[in-house]
Amino acid sequence: MNRLERWWFTAESATTLAWIRVAVGLGVVRALLSTWGSGAGRLVWYGVEDGGWSTAPTAGWDWLGGAGAAQVDAVVALTVLGALGVAFGVGGPWAGRLWTFVVLQGFLAVVHLRGSLGGSSDELLANALWLLVVADGNRTGSVYARWRTGRWMPPATAPRWARWLFLWQLVLMYATTGWQKVSVHWVPWGPADALWLIAQQPTWQHADAAWLAPLSPLLAVGTRVSWLWEVTAPVVCVWAVGDAAGRTASRRWLIAWAAVGVGFHAGVAALLDIGAFSWASLALYPALFAPGPRGAASRSAIRNASSSD
Amino acid sequence: MSLTVRRRVGTVLLLAHVAAVTAMALPAPVGGLHRADWREPTVQAELDHGHALLVRWGWSGDRQAFEEGLWKLAAAWVELRRAVLAPVAPYARWAGTAQSWRMFVAPHAHPTRVRLDVHTAAGWATWFRERDPEAAWRVRMLSNDRVRSLLFRIGWPHERATLDRFAGWFAVEAAAASTEVDRVRVVLERRATPSAAQVAAGGDTPWERVAARERAVVR
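Read top to bottom, the protein sequences are chains A and B.
Under the working numbering, the first sequence has 81 at position 81, and the numbering climbs by one with no breaks.
Under the working numbering, the second sequence has 178 at position 178, and the numbering climbs by one with no breaks.
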């Protein structure tokens, strides 16, 4: 137990949590404002009487007097402002957590108005907010850190488990989506035309994508690589353990794996409109890497930061 | 409470949370068990491929038996998953930590697109068609990812009630947008996506109407 406990609570630089916090806060802002700015908020979140497409639910909104247009507008506006506060790191260890928890509740209340009309980005952002509630991400890179120390990025530490929870969420998402890609268009014994077919779907494409036809061999390679990359995602945990122990080979594998992921999400964002999913996924990528300088010097720096924290 | 005890209690709670969310991510065809959807060409083609693969591996059952067997297996799997998750599902709902990562599990080889038509004294006209720059009424709103999600869903047979409600919404919006409109129509079109080789050779596949809902405009 002691050995496991030591590993679990090892102090790491809190910078990783700060990056994740900023990206997740901005992701929530983007997820709500893009819907609002396009006018789609009225269609998907309002009840029929206010110009929406379906009856407004009341569960969870009773205490606000229902989910009418005024209430929905107010919750969206406050959640956007609150999410900016999350990004900037408002509040100390407990106030910051409470703030994030309130933003999480506002976000869930809005996107669950029509739960079926969101996407995986909503779920990923909500899960990340929840982890930020548990993990206290305001120790550095925050308004709170500036107020407390006079510096935006003071050296600060966080226990290792906080980063690992984000890493596990990322692995869980990629692996289980890969394991469910059993379509003949994805699996290695099929024609490898999944990315071609997805890019041609009017529902998700930005514009007509027939121009991709000459690039279909590249899309076939992309299909093979992304399927393999997803189904083998749990191996990331092994490399991350090695990286935390300072193994250079593990760090290289992680960099290569992350590079594929960044390329994958860049391609998705270029070809498809699936909301904030790519942003929300990439927001968790800092969790892949053990933070701070590497080697004995880094361990000493972290010990020093930890003892002064 | 000492720091060690506090840490241990916290760790146990955290690990319980991790175990719950991990269990919630268990793969299963949740939401995919609708007979009408299974009759769609995209699903039928997947089943054809699955059956052909099993036959190649020596299985002797016919195509119908394969589909029935797979249906029963999928239903049993969903039921088993529900039973396994029963203890943690309320927690996951309360915490808002959904883990349904069923993303593009099977590309839609026969996708639908939505067309919105209006009728005036001059006849029918198309105001909106997905990804058609010539029919781009309220295109920002209707191209938002949440609305795309709605338009994707109404393409599936089991979501026809959603199509009905969407047609009702369009009738109200069209009436507000133009006093000349007396009827509206939401049309679902579908086609088999042409292969890259077909497109490269200049070929295409036609869009066919698969469902429509017409509504009178009430003022």
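Errors might be hidden in some of the hints.
When the alpha-carbon atoms are kept at most 25 Å apart in a straight line, the in silico SDA-like pairs for lysine to any residue are as follows [as the list claims (entries may be wrong)]: (1) B:K72 / B:A136; (2) B:K72 / B:L85; (3) B:K72 / B:G31; (4) B:K72 / A:E49; (5) B:K72 / B:Y91; (6) B:K72 / A:C237; (7) B:K72 / A:V182; (8) B:K72 / B:V84; (9) B:K72 / B:G61.
Stretch by stretch, here's where chain A covers chain B in the computed footprint (C-beta under 8 Å, at least three residues) [unchecked claim]: (10) 89-100; (11) 107-113; (12) 134-148.
Restraint-style ranges between C-beta atoms, simulated for each label pair [to be verified]: (13) B:V84 / A:V262: 43 to 51 Å; (14) B:W59 / A:P188: 54 to 62 Å; (15) B:V218 / A:W147: 21 to 29 Å; (16) A:G68 / B:R219: 40 to 48 Å; (17) A:G60 / B:G203: 49 to 57 Å; (18) A:L78 / B:V12: 32 to 40 Å; (19) A:A59 / B:A197: 45 to 53 Å; (20) B:G203 / A:T248: 50 to 58 Å; (21) A:V262 / B:V18: 22 to 30 Å; (22) A:L64 / B:A19: 33 to 41 Å; (23) B:A19 / A:L78: 28 to 36 Å.
These are calculated hints, taken from the structure and not from any lab test.
The beta carbon of each residue, even a glycine, is placed where N, CA and C say it ideally should be.
Can you tell me if the segment 107-113 of chain B counts as covered by chain A, using C-beta to C-beta distances under 8 Å and a minimum of three residues? Since 6 is at least three, the answer is holds.
For the pair supplied as a hint, K72 of chain B and L85 of chain B, is the alpha-carbon distance within the 25 Å limit? 20 Å, holds
Take a quick look at whether K72 of chain B and Y91 of chain B sit within 25 Å of each other, Cα to Cα. 29 Å, violated
Range hint compliance [Cβ, V84 of chain B to V262 of chain A, 43 to 51 Å]: 35 Å, violated
Holds or violated: K72 of chain B and A136 of chain B, Cα atoms, limit 25 Å. 44 Å, violated
Given a hinted range of 33 to 41 Å, is it respected by the beta-carbon distance of L64 of chain A and A19 of chain B? 34 Å, holds
Given that the segment 89-100 of chain B was listed as covered by chain A, double-check it with a C-beta distance under 8 Å for 3 or more residues. holds (count 6)
Could you tell me whether the CB distance from G203 of chain B to T248 of chain A stays inside 50 to 58 Å? 51 Å, holds
Holds or violated: the 22 to 30 Å window for the beta-carbon distance between V262 of chain A and V18 of chain B? Holds, since V262 of chain A and V18 of chain B (Cβ atoms, about 26 Å apart) stay within the stated range.
CB-CB spacing for L78 of chain A and A19 of chain B relative to the 28 to 36 Å hint: Given range 28 to 36 Å: holds, Cβ gap about 33 Å.
Taking a Cβ-to-Cβ distance below 8 Å as contact, does the segment 134-148 of chain B have at least three residues touching chain A? Coverage by chain A holds for the segment 134-148 of chain B (10 residues, Cβ < 8 Å).
Supplied distance hint 21 to 29 Å, evaluated on CB atoms of V218 of chain B and W147 of chain A: 58 Å, violated
Violated hints, in rising order: 1, 4, 5, 6, 13, 14, 15, 16; the structure is consistent with all others.
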